[in-house]
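Student: Quick one: dock chain against chain with the hints and give me the complex.
Line order of the protein sequences matches chains A and B. Take 43 as the starting number for the first sequence in this note's numbering and just add one per residue. Take 3 as the starting number for the second sequence in this note's numbering and just add one per residue.
It cannot be assumed that every hint is accurate.
[Unchecked claim] The list that follows gives simulated cross-link-like pairs (lysine-lysine, DSBU-like), each with its CA atoms no further than 35 Å apart:
hint : chain 1 : residue 1 : chain 2 : residue 2
1    : A       : Lys110    : B       : Lys6
2    : B       : Lys12     : A       : Lys113
3    : B       : Lys12     : A       : Lys111
4    : B       : Lys95     : A       : Lys113
5    : B       : Lys12     : A       : Lys136
6    : A       : Lys105    : B       : Lys65
7    : B       : Lys16     : A       : Lys45
8    : B       : Lys12     : A       : Lys110
9    : A       : Lys105    : B       : Lys114
10   : B       : Lys4      : A       : Lys111
11   : A       : Lys45     : A       : Lys113
[As the list claims (entries may be wrong)] Derived, one-sided and incomplete: chain B residues facing chain A with beta-carbon distance under 8 Å:
hint : residue
12   : Glu28
13   : Arg57
14   : Lys91
15   : Met93
16   : Leu115
17   : Ala123
18   : Leu125
None of these hints come from the bench; they were simulated from the model. Quick caveat, the model's predicted, so the values are computed rather than measured. Glycine included, C-beta positions come from ideal geometry on N, C-alpha and C.
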Amino acid sequence: MLKDVKVKDVMKVGVITVSMEDNLVDVAKVLSKHRINGVGVVDENGSLEGVISDRDIIRAFSKGINLKKAKVKEFMAPIPITIDKDKSLEDAAKLMYSEGLHRLFVVEQEEIKPKSLSAKYRFKPVGIITSRDIVVELSRSC
Amino acid sequence: MKLKAKDLMKEPIKVHAEATLAEILEIMEKRHVSSVLVIDKGKPLGVISETDILREIARGCDKTRIAKEVATKSLIAVEEETDIIEICKIMDKWNIRRVFVEKNGEIVGIVKLSDIIKEIAKL
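Chain B extracted, bound-state conformation (with noise of 0.2 Å):
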């Protein structure tokens, strides 16, 4: 399997730094998406995963909270050119279940596990 990063990715569903954790809920049900990337000042700033949600449900639940309260604030990046068992590989070291696509210092797409599993199904 020959694939590279720019073959499986899609474009990252984005929210602003400041949206409310109501707001973000409601994106990632509507948008049937397991993360978002928050965008801070045109930049990003992180991304918000289940897991994220989670804690803030184990914290107690405020969905007052804004998206640069909740983010995790590491993003993981590959390069276009990376390929898909790179891919894995980083995946399984970071215990990550998306990476992103970036180009020029910009992010470009995102990389989901589930997309990985598409293609592995059809070997």
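Chain A with its partners taken away, still in its complex shape (with noise of 0.2 Å):
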């Protein structure tokens, strides 16, 4: 039952990620090589800013917007949506559901050599969990 295993039993450990200064095309590439929607956007001290998908991509593709020119800062979503890794799997679908998401990420908070006196910690991305991840595990289960 999706209610019996738990996001880190599940999830994807490693994130990949890209960074703000990055342009459209090259998201697009990261998402083809590694067959993804989406991918984790961190600043500089490695620390999750946002997500930018498969969606912005085509957004802005639409718009006639040159995509080697596009920053990934300007067409990210800020304020990922994350997930305990000891929820289980029922909440992570039912968040997706809600959020209208198809990935969650998992996050682990870690102090910082403050670089400014605003920044302490850092939010670094360690798993992500799927709407794939979840279709996966119910075919074997409940």
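Tutor: What follows is the structure, encoded as structure tokens:
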């Protein structure tokens, strides 16, 4: 049952990320190479700051924007939705459905040596769970 | 980029309207697809995507439910000559990850968002 399986048991450990300065063709290459729909966006401290998906890229493309000059930071969705690794897959599925998402990040808070007085912690992305993972798990259980 | 739907499309994976959710999940896993086209009496009835599966989980997991109960019964289709920009606009407007390709009233293909991303990656 999905209630009995925890996010940490299914999540992919290690998150593919891009930087805020990358362009959207770079992101398309990453998505295509890894056969994924979206990636985390990290700042210079490695802290998760946003998410950019294939949808963001085709939206820009359909508007005639030059994707090689389009920087991630201008098109990403800030504040990604995250989930605790000890939550169940059912919780993850419900959260994805209610938020209209296909991926949730698992983050760990880490103390960092601040480059500025305001940044004392980073939210290091440590895992990702997608709707695909849930479909696969559901086909085997439930 | 002057690609059209006919250059990007692939054959959709089809399931029968009476197929159970358990059977559909198995097909989606084995064929590595995120959606299936539901066929009823030889005609397309709707599509089942991962979003539909998440909805099924949210309403209580019942793998005996059948395709025609689970499917989203609206198919957004384009013609073979529809260009890639127009397809992107449709996907963005309707918040969808795939469009079907229609010819003479028949579904002849599917264009997925991932196929478009592959082309953009070549820029």
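Student: Work down the list of hints and note, for each, if the structure agrees.
Tutor: Hint check:
The straight-line distance between the Cα atoms of Lys110(A) and Lys6(B) is roughly 22 Å, inside the 35 Å bound, and the hint therefore holds. The hinted pair formed by Lys12(B) and Lys113(A) meets the criterion: a straight-line CA distance of about 31 Å does not exceed 35 Å. A distance of roughly 31 Å separates the Cα atoms of Lys12(B) and Lys111(A); the hinted pair therefore holds under the 35 Å criterion. Among the hinted pairs, Lys95(B) with Lys113(A) is consistent with the structure: their alpha-carbon atoms are about 22 Å apart, no more than 35 Å.
For the proposed pair Lys12(B) and Lys136(A), the alpha carbon gap of about 31 Å is at most 35 Å, so the pair holds. Restraint check: the Cα-Cα separation between Lys105(A) and Lys65(B) comes to about 41 Å, which exceeds 35 Å; the hinted pair is violated. Restraint check for Lys16(B) and Lys45(A): the C-alpha separation of about 30 Å stays at or below 35 Å, so the hint holds. Taking the CA atoms of Lys12(B) and Lys110(A), the gap is near 28 Å; set against the 35 Å cutoff, the hint holds.
This hinted pair checks out: Lys105(A) and Lys114(B) have alpha carbons roughly 19 Å apart, not beyond 35 Å. Distance hint between Lys4(B) and Lys111(A) is fulfilled; the C-alpha atoms sit about 20 Å from each other, no more than 35 Å. Straight-line distance between C-alpha atoms of Lys45(A) and Lys113(A) comes to about 40 Å, which puts the hinted pair past the 35 Å bound. Hint status for Glu28(B) relative to chain A: holds, with the closest Cβ pair at about 5 Å, below 8 Å.
Taking 8 Å as the C-beta contact cut-off toward chain A, the hint placing Arg57(B) at the interface holds, the least distance being around 6 Å. Because the closest C-beta pair between Lys91(B) and chain A is about 4 Å apart, less than 8 Å, the hint holds. Residue-level restraint check for Met93(B) holds (minimum Cβ-Cβ distance to chain A is 6 Å; threshold 8 Å). This hint holds: Leu115(B) has a C-beta 5 Å from the nearest C-beta of chain A, less than the 8 Å allowed.
Taking 8 Å as the C-beta contact cut-off toward chain A, the hint placing Ala123(B) at the interface holds, the least distance being around 4 Å. For Leu125(B), the interface hint holds, the least distance from its beta-carbon to any beta-carbon of chain A being 5 Å, beneath 8 Å.
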